[in-house]
Amino acid sequence: MNKKGPLYALFLSLILLLPGCSSIAVLNPKGPAARTLSDTIILSIVMMLGVLAVVYILYVFVLVKYRAKKSNEDYIPPHEEGNKWLEAIWITIPIIIVSFLSVVTVKTTIDVENVAADYKDQKPLVIYASSSNWKWHFSYPEEGIETVNYVNIPVHRAVEFRLYSFGTISSLWIPQLGGQKYAMSDMLTTLHLSADTVGSYVGRNANFNGKGFAHMEFEALAMTDKDYKEWVKDVKETAGPLTEKEFKSLLEMEFVGRKTYTNTHLSFSPPPGNHGDHMSNNGTEMDMDNGSMEHQDNKEIHPAPAPSSETEFNSKPNPELDEESTTHDGH
Amino acid sequence: MDWDKFKVHGEPLIYGAMASIVLATIGIIVGLTYFKKWGYLWREWLTTVDHKRIGIMYILAALLMLFRGGVDAIMMKLQTAAPDLKFLDAQHYNEVFTTHGLIMILFMAMPFIIGLMNVIVPLQIGARDVAFPRLNAVSFWLFFFGAMLLNISFVIGGSPDAGWSAYFPLASIEFSPTVGNNYYSLALQISGIGTLLTGVNFIVTILKMRAPGMKLMKMPMFTWSVLITNVIIVFAFPVLTVALALMMFDRLFGSQFFTMANGGMDMLWANLFWVWGHPEVYIVVLPAFGIYSEIIATFSKKNLYGYTSMVFSMLIISLLSFLVWAHHFYTMGQGAMVNSFFSITTMAIAVPTGVKIFNWLFTLRKGRITFTTPMLYTLAFIPIFTIGGVTGVMLAMASADYQYHNTMFLVAHFHYVLIPGAVFAVIAGFHYWFPKVFGFRLNERLGKHAFWWIIISFNVSFFPLFILGLKGMTRRQYTYSADTGFGPLSMVSFIGAIGLTIGFVILVYNIYWSTRYEPRDTDGDPWDARTLEWATKSPIPAYNFAVVPTVNTRDAFWTAKQDKVPLYEDKITKIHMPSNTGKPFILGVIFFVAGFSLVFSLWIPAIISGVGILIVLAAMSFDRDHGFYIPAEEVIATEKKLRGETV
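Keeping their order, the protein sequence lines are chains A and F. Those letters in the first sequence? Residues 1 to 331, per our numbering, in order. Those letters in the second sequence? Residues 1 to 647, per our numbering, in order.
Keep in mind the hints are simulated off the structure, nothing from the lab. Honestly, I wouldn't trust all of these hints.
Claimed, not checked - Covered stretches of chain F (in silico footprint by chain A; criterion: 3 or more residues with CB under 8 Å from a CB of chain A, positions within the stretch not fixed):
#, segment
1, 294-303
2, 307-315
3, 384-390
Computed from a prediction, not measured in an experiment: that's the story for all the values here. A virtual CB, placed ideally from N, CA and C, is assigned to each residue, including glycine.
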């Protein structure tokens, strides 16, 4: 038994070294959501090390003290039914620990499901991120542009990813900016991320979806507001439009490099409705059939009738949104 | 007919496997014919209804599957040992990890446990067999042919490739056009029906066939764990049956339960799968708790500490196991409130599990601990499983899980739970009960060598995965580039996997060595144990107990030994035994043919074998064979031979 001691000491020190190690993406956050999660994870690691310590100390103690030796051959172990008080202790303390962690979980889950506290007062930048075998399409309805396999975002700006899929379930994950969420064909999910440091972050699909899964990576580039505006302007000037025909051919291709377009696929292939959220932005109820019914005649291209031209899918930049973003200029 | 769909192309590894399968099959057939063992095999094994023999066949099949799943594991570890390796291509890797998961959970861990359960439970409760011996044979053969159906998939037609959880729409015909997932739905269905029947059989056995005086709260802990496990089986497996049937309709008959169109819901599959799948992990872990309880009590020479709270903690765990399935997809966008509910129920499982850990530690306290091989596995289980448990609590926190979900962190966690919680347990149980079944112990020195190889290599192999997960490595990715930085730790993990292989090879060598050289056990109680199964002689006579024992205390055999009171109050009389029957085996074969035909949409053989199944079932229900009696004189003679004394 004693041979295992050094082994565990090694593992414990490894765990203790984790927070300081900058190559660990999840514990090296570059945005508020990822920071909340990193803090939660470190807190839980520390508490769980405490639990491990109690078990390990007791374990080593009983194994050393009560092992059979030549000297205790006559020893007859007592009959013990149990002890109500002791058992009550090891029921109560775990309940306290679990209750504490439950409170932390509920609080942090609500936090990361919503816009980060620092960015509550801005209107988030909406990016539709949809997956198809094996690539990511990022549509910026606000700017009227679309990218494939890379996404640029301004720093210090709340970004609301709306996720869905043209096929298998995938999961959008940029570990240094926050947790992942599924993209599914019949439902729109929302992921709130924001970056507070300029930099290039690895993003990928985290849910296995077949042959090209391992290669389904993209770059998430967080840039200053100024650079971002310049990039958008640049795209508008240099890139060409995305036609329905070209979009269909993109869906059919297995692997595609980076692509950039001056309009989005949302106008001719709108996303599925969100469960219980068939409301347009201005609060008027959209057609309930939006999500699933129309979709069925036409599987390869997404659901639903085209939204009215007043919605955010319009490729013209929304002046209101533009104003919003300029107020957070200067980083 | 389109013969092309039966072919698997282009993989030298698979051609090698085909050749070795054909050679092994020819070898077995020639061997059996040469030694004239066909009759023996049929009379003594294929038609047996004896719970001990069925148990042994389960364990043999499970050991075979352990090596099949282990080879898969080594192939995966080799492929990911360094960046951009080209050992397996994506498709082959996907098939390998899918079958690794399926085989290890469904065709290794579960049958191994059901095998131990079959051998030991009737003995522990002082019964002569299970409640429905012929049904027990049906269970085994359905499991066995289900397993075979899955195993031929990699040489005929292609293996399932959508992960062991087979999420839709990936597993649909649209995205997985090979027959691989047809095999999935049918092989699991056939063996699942067998498991469900086992569940019914053992609940009835334990509730109705205990020895006189054995109240529920006097049952050995392993029997308790088996009872609770089988209740979970009976509640959980029907969900799998329905889910797999819907999957089969989707893939074979064009229905659209889980498709993207026509009202199909992909996440409905995920819900159904995990409503079964989460309890499933407790189906393999709870009996392990039972096995450990027996071993800890035996080798610390003490009764189990906190028996009542052990029982109640298992009941609570079984209840909670049905309330946590959504923690497998916190990231589905079901909202903070739903996630919080499932977080709390999941974390709550830590409380009864903690109770068990502390009860075991307090059983050891004030004991006289001897470090035999089964005890070593048991003792190694405590610290390793605790790491698995605390990382489970970490994963249960929904917010944090957004970062762990589908990563190597998760893979590390469930291997830290399932390997000590199921694999070490069945190995410990195997070493512990081996002398009861075969009449000699496995060699202790070789056993300890295997133990240290397995324990150390396990940690070397799986601990790095926690860190890889936090570095952003997802599960199931067949390759990665060098700049991800996943390389060095993946290599460490591969080295650990090699060590594990060495450990398991020593373990099997030990079985061979001990069969030849270990001294035979004479009194049937080599470990100075506590429960009833050690009260009969080894090897166990067909009728188990010449006289059904009478039980007054929890560790009935121990008290009888300590107080020198006899366990038996009656005289030997004639004993009723069930007759062997070939029908369960035939039923299994027909199910196999039906399954295989459906996989390839061969409707005519499928219909014929469907009718065949109904005919065999009818024949079984009208079976008038009520078994036979072993006359008292024969029992007395056998007992004399075994004991060298009169009873």
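So, going through the hints one by one against the coordinates:
Residue count for the segment 294-303 of chain F with a Cβ under 8 Å from a Cβ of chain A: 4. That meets the three needed, and the coverage hint holds. For the segment 307-315 of chain F, the stated coverage by chain A is satisfied: 3 residues place a CB nearer than 8 Å to a CB of that chain, which reaches the threshold of 3. A stretch counts as covered by a chain when three or more of its residues have a beta carbon under 8 Å from one of that chain; for the segment 384-390 of chain F and chain A the count is 3, and the coverage holds.
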